[in-house]
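Using the hints, put the two chains back together into the complex; each one sits in its own frame.
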Amino acid sequence: MKRASDPKWRKMTPGLPSDLAALFEQRMATEGLTVKDLTDRNSNAFLVPSSRYQVHAKLDRFWAKRVAKFNKANISWKRKNNSGHRMRTQEYCLKGLHRMVGHNVMIVDKLGHRRCRVCHYAAAAGHPLPPEKIEQIKAAAENGATFNQICHGIPAGGGPKDRSLVITTAAKLQRQRKLEPEFDAFLSKHFEANNFIGQILRHNKDAPEEMKATLRLIGRIRHKVKASGAELPRLHEQRPRTRLRSRR
Amino acid sequence: MKNRLPDLNNHLYAQLERLGQEDMTAEQIDTETKRSNAVVAVADQILRHATLQVQAAKILSDHGIDPTTHLPQVEVNPLSRPRLRTITGTTS
Numbered sequence: 001m002k003r004a005s006d007p008k009w010r011k012m013t014p015g016l017p018s019d020l021a022a023l024f025e026q027r028m029a030t031e032g033l034t035v036k037d038l039t040d041r042n043s044n045a046f047l048v049p050s051s052r053y054q055v056h057a058k059l060d061r062f063w064a065k066r067v068a069k070f071n072k073a074n075i076s077w078k079r080k081n082n083s084g085h086r087m088r089t090q091e092y093c094l095k096g097l098h099r100m101v102g103h104n105v106m107i108v109d110k111l112g113h114r115r116c117r118v119c120h121y122a123a124a125a126g127h128p129l130p131p132e133k134i135e136q137i138k139a140a141a142e143n144g145a146t147f148n149q150i151c152h153g154i155p156a157g158g159g160p161k162d163r164s165l166v167i168t169t170a171a172k173l174q175r176q177r178k179l180e181p182e183f184d185a186f187l188s189k190h191f192e193a194n195n196f197i198g199q200i201l202r203h204n205k206d207a208p209e210e211m212k213a214t215l216r217l218i219g220r221i222r223h224k225v226k227a228s229g230a231e232l233p234r235l236h237e238q239r240p241r242t243r244l245r246s247r248r
Numbered sequence: 001m002k003n004r005l006p007d008l009n010n011h012l013y014a015q016l017e018r019l020g021q022e023d024m025t026a027e028q029i030d031t032e033t034k035r036s037n038a039v040v041a042v043a044d045q046i047l048r049h050a051t052l053q054v055q056a057a058k059i060l061s062d063h064g065i066d067p068t069t070h071l072p073q074v075e076v077n078p079l080s081r082p083r084l085r086t087i088t089g090t091t092s
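Chains as they are written, first to last, in this note's numbering: chain V, 1 to 248; chain Z, 1 to 92.
Just chain Z, same shape as in the assembly (with noise of 0.2 Å):
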């Protein structure tokens, strides 16, 4: 599954090209540019529900508790993983 924060850009640069061609009729600009919004409305929702679990993980990790399994977006070295409580008290 692609749904990753890197995906995200993906798809707003496929957008943007979009958005870019010049050889487009007036029917397809207008398209495009409704196309646009729901995109950019998607992706602010997607952003601004990231930055709440990076709060909320920041907060975990302010406790002393490993945050790792509520950044679902973050690949996390495992060589340089740090030895934390999960939120069910066991040590990962």
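Bound-form chain V, shown alone (with noise of 0.2 Å):
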């Protein structure tokens, strides 16, 4: 502890001599200390007490505002690296199950703050889907419904997005592929076949609404013709490329 009256200060003028001054302005450059570092006694790094600094940063403004610059950036930097959360995710995530080293660790802004990237991505995904959005994606599976009308409203076939179509996001439905084998099983053979009436539908953009639920059927019994593994004919000649330049 040092004391208030230190006789060093005795009989000297009215804040900070210019050496000390110099040496205040060093440290925190070099050392990245905090003026709370350098003035307060019950610090390591104590070098002049609180009142003589006060004092002289009313005399030299232009000290105290440089002083002040590099207290902002030191007390910024300290928070960052000396944080519980920092030192908590040294070794594990704040859950404590996976290792935070390499590609795991997510620097996510400017100011170097450090995720678990397999926690982050469990948290994006969310919840398992409840069962009656389950029994709904189903459905609309059966009903001709693509991977990219359930999450992203674009229609089996083509068309304008339309957002009433949406059941739920990418990522939560992959995630309930995975947990659930055979709900991916059941999906996969219902995206397989609407992908494929779907084709149908984009290659007859022109016809009129009333014919596409015939050609629905017709993509329905194509497809299974081409599940079970017989030759499936083209039911139209393919049209012949035509050459952009033709060469001289």
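If you're looking for bench data, these hints aren't it; they were derived computationally from the structure.
Note that the coordinates shown come from a computational prediction; the quantities given were computed from them, not determined experimentally.
Just so it is clear, CB atoms sit at the ideal spot from N, CA and C, and this is done for glycine as well.
It cannot be assumed that every hint is accurate.
[Said to hold, decoys possible] Quick list of the computed label-pair ranges, beta carbon to beta carbon:
| id | chain 1 | residue 1 | chain 2 | residue 2 | range |
| --- | --- | --- | --- | --- | --- |
| 1 | V | Met106 | Z | Ala38 | 57 to 63 Å |
| 2 | Z | His11 | V | Ala230 | 15 to 21 Å |
| 3 | V | Ala124 | Z | Ala14 | 56 to 62 Å |
| 4 | Z | Pro6 | V | Ser164 | 40 to 46 Å |
[To be verified] Looking from chain Z toward chain V, a few residues come up when the C-beta cut is under 8 Å (computed):
| id | residue |
| --- | --- |
| 5 | Leu5 |
| 6 | Asn9 |
| 7 | Leu12 |
| 8 | Gln15 |
| 9 | Leu16 |
| 10 | Val42 |
| 11 | Ala43 |
| 12 | Asp44 |
| 13 | His49 |
| 14 | Ala50 |
| 15 | Ala57 |
| 16 | Ile59 |
| 17 | His63 |
| 18 | Ile65 |
So, in structure tokens, the structure goes:
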């Protein structure tokens, strides 16, 4: 503990002598110390009493401005590097489940805050889907919905985006598919057929709405034929490719 | 005669059911796939023809001519029938 009435300050002019002021500034710049570190009597880096610093800051405005700038930067740096969160996540993530090394460490902002990548993805996907939602997705898939329709609202067979068709997000759906292999198999089977039908609908964009039902049926039959392993003949002759530039 | 688009759908549904039968031998599956391909090819031709008819009817309608005589597969509600000229020029 340093005493306030230290004899070295007696008979000195108010504020700090020029060499001490320079040392104060230098230690802030090189060692990353804050004003509190340099003026706190309990600190190991104590240099000058707080009252002397305050008087000198009033007398030399330019010095005070430079010191304030260093102080702000150093406080920010210390907060970032010595925070409890950072200390706790040096080896393992906050949940204590994953090692915080290499690719698993995510730097999320300019300040250099760290996150566990595995935990972040798990949190982004959210909770497992509720049973009624799963039933809704299954019903949609049976009625000809594709992945793009369920997750992004783009109807099977193309067309403008319709947000009312969206049932869930892609991340949540994929997570549920990983959790439930049966659900995944069900969706894969239906999505394959629905994509096949969607392709036929896209090919017949000009067909009136009344004929879309027939086209869907044709798609279903052709998909079954394809799934059985039999040869699938072309419905139309392939359009001859036109050469854009004729060679001379 | 059953020659309207809904009747075509019925034929296709029947074929789909035949394809979905589980107790079929390899030969039967082969026969059904061939039949499916034939049915689909015919259905596709019918659809293309119908699409062409609808396009023709649209053009007639744009010129103020009654297109119903050119749409044999579409049933028109007589109560909401618009008064348009036929292709021969007489008013329907």
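Structure-based check of all given hints:
no. : hint                            : in the structure
1   : V:Met106 to Z:Ala38: 57 to 63 Å : 59 Å, holds
2   : Z:His11 to V:Ala230: 15 to 21 Å : 20 Å, holds
3   : V:Ala124 to Z:Ala14: 56 to 62 Å : 48 Å, violated
4   : Z:Pro6 to V:Ser164: 40 to 46 Å  : 28 Å, violated
5   : Leu5                            : 6 Å, holds
6   : Asn9                            : 6 Å, holds
7   : Leu12                           : 4 Å, holds
8   : Gln15                           : 6 Å, holds
9   : Leu16                           : 6 Å, holds
10  : Val42                           : 10 Å, violated
11  : Ala43                           : 6 Å, holds
12  : Asp44                           : 5 Å, holds
13  : His49                           : 11 Å, violated
14  : Ala50                           : 6 Å, holds
15  : Ala57                           : 10 Å, violated
16  : Ile59                           : 14 Å, violated
17  : His63                           : 19 Å, violated
18  : Ile65                           : 19 Å, violated
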